[in-house]
Amino acid sequence: MISRVAEHCFWMSRYLERAENTARVLEVNQTLLLDFEVPLEQQWKPLLIISGIHDMPGEPDAETVQNYLTWETANPSSIASSLQSARENARIIREVISADMWERLNYYYLWMHSPAASNLYQRNRSEFYNQIKRINQLIHGISEGTMAHGEAWEFFMLGRYLERACQTARILDVKYHILLPTPEHIGTPVDNAHWVAILTSCSGYEPYHKQRPGADPGVAVADFLIFDPIFPRSVRHCLRTCQAAAHAISGRPLSQPGNEAGRTLQELVGWLQLVHIEDFIRAGLHEALTSVINRIHAIGDAIRRTYFDVGPHLPPAACPPPASESQDLEKAATGQYQTQSAS
Amino acid sequence: MVRHSGQPETVTTAGERQIGLDGRLFANYQPHATAWDELFLAPGRPHDHCRPLVDPLGQLLVEEFQQRRASADLAFVNQGITFSVYADRRGVEKIFPFDLIPRPVAGTEWKVLELGLLQRIQALNLFLHDLYHEQRILKEGVIPEGLVVRSKAYRPEMIGFNPPGRQYLHVVGTDLVRDTNGRFLVLEDNGRTPSGVSYVLENRMVMKKVFPQLFQHCRVRRVEDYPHRLREALCSVAPAAAGDPPCLVLLSPGPYNSAYFEHSFLARHLGIELVLGQDLFVDDDKVFLKTTHGPQRVDVIYRRIDDDFLDPKVFRSDSLLGVPDLIRAYRAGNVTLANAVGTGVADDKAIYPFVEDMIRFYLSEEAILKNVPTYICARPDDRAYVLDHLDQLVVKAVNESGGYGMLMGPFASAQERAEFSEKIQANPRNYIGQPIVTLSACPTWTEEGLAPRHVDLRPYIVSGKSVWVLPGGLTRTALVKGSLVVNSSQGGGSKDTWVMENGR
Numbered sequence: 000m001i002s003r004v005a006e007h008c009f010w011m012s013r014y015l016e017r018a019e020n021t022a023r024v025l026e027v028n029q030t031l032l033l034d035f036e037v038p039l040e041q042q043w044k045p046l047l048i049i050s051g052i053h054d055m056p057g058e059p060d061a062e063t064v065q066n067y068l069t070w071e072t073a074n075p076s077s078i079a080s081s082l083q084s085a086r087e088n089a090r091i092i093r094e095v096i097s098a099d100m101w102e103r104l105n106y107y108y109l110w111m112h113s114p115a116a117s118n119l120y121q122r123n124r125s126e127f128y129n130q131i132k133r134i135n136q137l138i139h140g141i142s143e144g145t146m147a148h149g150e151a152w153e154f155f156m157l158g159r160y161l162e163r164a165c166q167t168a169r170i171l172d173v174k175y176h177i178l179l180p181t182p183e184h185i186g187t188p189v190d191n192a193h194w195v196a197i198l199t200s201c202s203g204y205e206p207y208h209k210q211r212p213g214a215d216p217g218v219a220v221a222d223f224l225i226f227d228p229i230f231p232r233s234v235r236h237c238l239r240t241c242q243a244a245a246h247a248i249s250g251r252p253l254s255q256p257g258n259e260a261g262r263t264l265q266e267l268v269g270w271l272q273l274v275h276i277e278d279f280i281r282a283g284l285h286e287a288l289t290s291v292i293n294r295i296h297a298i299g300d301a302i303r304r305t306y307f308d309v310g311p312h313l314p315p316a317a318c319p320p321p322a323s324e325s326q327d328l329e330k331a332a333t334g335q336y337q338t339q340s341a342s
Numbered sequence: 000m001v002r003h004s005g006q007p008e009t010v011t012t013a014g015e016r017q018i019g020l021d022g023r024l025f026a027n028y029q030p031h032a033t034a035w036d037e038l039f040l041a042p043g044r045p046h047d048h049c050r051p052l053v054d055p056l057g058q059l060l061v062e063e064f065q066q067r068r069a070s071a072d073l074a075f076v077n078q079g080i081t082f083s084v085y086a087d088r089r090g091v092e093k094i095f096p097f098d099l100i101p102r103p104v105a106g107t108e109w110k111v112l113e114l115g116l117l118q119r120i121q122a123l124n125l126f127l128h129d130l131y132h133e134q135r136i137l138k139e140g141v142i143p144e145g146l147v148v149r150s151k152a153y154r155p156e157m158i159g160f161n162p163p164g165r166q167y168l169h170v171v172g173t174d175l176v177r178d179t180n181g182r183f184l185v186l187e188d189n190g191r192t193p194s195g196v197s198y199v200l201e202n203r204m205v206m207k208k209v210f211p212q213l214f215q216h217c218r219v220r221r222v223e224d225y226p227h228r229l230r231e232a233l234c235s236v237a238p239a240a241a242g243d244p245p246c247l248v249l250l251s252p253g254p255y256n257s258a259y260f261e262h263s264f265l266a267r268h269l270g271i272e273l274v275l276g277q278d279l280f281v282d283d284d285k286v287f288l289k290t291t292h293g294p295q296r297v298d299v300i301y302r303r304i305d306d307d308f309l310d311p312k313v314f315r316s317d318s319l320l321g322v323p324d325l326i327r328a329y330r331a332g333n334v335t336l337a338n339a340v341g342t343g344v345a346d347d348k349a350i351y352p353f354v355e356d357m358i359r360f361y362l363s364e365e366a367i368l369k370n371v372p373t374y375i376c377a378r379p380d381d382r383a384y385v386l387d388h389l390d391q392l393v394v395k396a397v398n399e400s401g402g403y404g405m406l407m408g409p410f411a412s413a414q415e416r417a418e419f420s421e422k423i424q425a426n427p428r429n430y431i432g433q434p435i436v437t438l439s440a441c442p443t444w445t446e447e448g449l450a451p452r453h454v455d456l457r458p459y460i461v462s463g464k465s466v467w468v469l470p471g472g473l474t475r476t477a478l479v480k481g482s483l484v485v486n487s488s489q490g491g492g493s494k495d496t497w498v499m500e501n502g503r
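Top line first, the protein sequences correspond to chains A and B.
The letter at position 165 of the first sequence is residue 164 when you use numbering that gives the first Met the number 0, and the numbering goes up by one with no holes.
The letter at position 77 of the second sequence is residue 76 when you use numbering that gives the first Met the number 0, and the numbering goes up by one with no holes.
Chain A with its partners taken away, still in its complex shape (with noise of 0.2 Å):
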């Protein structure tokens, strides 16, 4: 398919799925500030950490954070603005995705700049959140059921679970910067009621106590989210729908990854293969994460080298580039990859 079309599908369901992501980050902080004293500065300015986010305008408060991750078009990865580029996206490629599909995003975005959005969110806000999270979820259900599952689909799918990896990842990481009252409140009810909440965002909560019936949350909540194999929203499960994806792509079986893309994905797949939620806390959870999300951002940046960024010259199809293969090959013996990758 056209690399530029490649490209908005791509972020059409990246931007979606980041907009859920958004709305679950803030109803979780919402559901921890319910139950918990924690002081002002704390409560919700560890969300704009998370989102990257060092300038905005006024108090951290919590209507101020709320609003400026929800509403405000300055801030592109506020819901709005994702609804925003999600759309855009989709009319870009109007021919590539269903009508279903188109009619549904547009309702919904007609519907996010409607009195009826903002009265919602004013009246109900959990309601609020719930109703962004099923706007990506009905989306993903109707391109489910009426698109070819063809390369288009990968892309979606692509991008759907590399922000979804992402994200899990950032919401992991708010238990650090939501700061216990003293270090003995480990494992108190207070730590456990962290977690919960946390595994309750990524709606990990029952399917956590069916795969470690009795497991207190704490250290094993994390270790759900990062490397359970088959919960949905955990980072490997992520990363290996995204492995799968990227090989439907490029045609190649699992254990030839063949081009960069599927290169870098392969390198974070297998670390999390080789390393135990133990090495996280010894590094320190946050370290870790952060470097985890650091190497999402590579496979990104590889993905689009890949595929979005084709230069005019390249040989036909029919011939995959033999000399840059080959040249890649060199560098993943001489360990230039595995350098890249742990930094």
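FYI, nobody ran anything at the bench for these hints, they're computed from the structure.
Glycine residues also receive a C-beta, built at the ideal position from the N, C-alpha and C atoms.
Don't take each hint at face value.
What the hints assert, rightly or not - Sample of chain A residues with no beta-carbon within 10 Å of chain B, all distances over it, derived:
1. 0
2. 2
3. 42
4. 191
Claimed, not checked - Coverage of chain A stretches by chain B, computed from C-beta distances (three or more under 8 Å per stretch; other residues unrestricted):
5. 3-9
6. 100-106
Model the placement of chain B on the given structure of chain A, informed by the hints.
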């Protein structure tokens, strides 16, 4: 007309309560004093071919009609059937206002229109071939040479070049109007990149949803074959060495173009890729598409970009929309462009007055469809007449479209007329004058209930190895009382056009 309410469920018809919701739809309808009415011969008396439409529709209460209107509006809003207006970020997209009362054309009358259009396209196509080869028509003095070669749309680059199948005009939208006697006249030919056909198809889709039972009453000829016919035509003019099936793409200027919705609509319905200039490149005089799996050869480009922007190396060098070396590849015969390059000269408004002569010259026939009488300001006598009668004529710039660069004499101020007078004298080649045709009118929903509003008709003609006319076309309607300007860029709306198979 269309309320762009944020939440579609809340689309209301408030503000129209004073009309009386319990009356029958046509009860108070008064046809226009002078214009031909498309539905009624006289108040309460429909044309014969309109009875199958007017009878059931007339049973509707205004309130029921309003409900259907709300559901049609909702369908348009949700589907994002819009055109872009170059304004601020929030309000970029507008809905093309749609009126629910169809505009019928009798089946027998349509047959004549169809023949007239086929004849016209054939002559225009022969004219283009002649113009870029022997130029017989100029040498024999039928059309003044100066008028042609000074046309901004004339492309000397095309001289001696044979497009596949000698076909220049793959898609034409011819604007027709009906005068006060009910006679169809050609207002202009659009042979560059005519737009609007997606609205024909969408309007029909919505009408079928909103008034399914009406279609059972009035056997209406189908418009839904258009994408299939266009695809067939494009395949039939692929270069000889093209793949089987040939690779077709639609080249669009991009999402910020006002017709992007249509480009995407057509790509979707033709099952072809929508591409921007940046997606294509030329290597060894062949055109390739940049894909995730490397370059893919392109055979036919249905381009919705004007000549000027196609190839920065040949035409406007500042164009970012085009593809460098595209014209080289075209001239090498490795890719087909539809429409061909240089067709704009055939719809130049200063050449338009000669189309009837072309028909005589190339086909030895009389034109079935007549032109509106036209004064060519390049001719001294005509110019003098136009300058003397500015208060009675419509004056048009020859190379403009979309209702831009136009003076409606009787409605203009003395100052506006004086300005145009200066413009005409400064550059006479650039202007033509025509008597004002009182366009026919059709019942249209307005703030005051059903009222006559002026309409035109743009049928679409698709040509490849064979030629096909879409039965119907886009009926554009002025929404402002008394206005004769129907262009969407000037606030016009549209209607579904029904060619009635059972009508006489």
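Hint by hint, here is what the structure shows:
1. 0: Violated, because the least Cβ-Cβ distance between residue 0 of chain A and chain B comes to about 6 Å, which does not exceed 10 Å.
2. 2: It is violated; residue 2 of chain A is separated from chain B by about 5 Å at its closest Cβ, not greater than 10 Å.
3. 42: With a cut-off of 10 Å, residue 42 of chain A remains clear of chain B, as the shortest Cβ separation is near 31 Å.
4. 191: About 41 Å separates residue 191 of chain A from the closest Cβ of chain B, which puts it past 10 Å; holds.
5. 3-9: Answer holds; 3 residues pass the 8 Å Cβ test.
6. 100-106: Holds: 4 residues of the stretch 100-106 of chain A have a Cβ under 8 Å from chain B.
Going down the numbered hints, you'll see the structure goes against 1 and 2, while the others check out.
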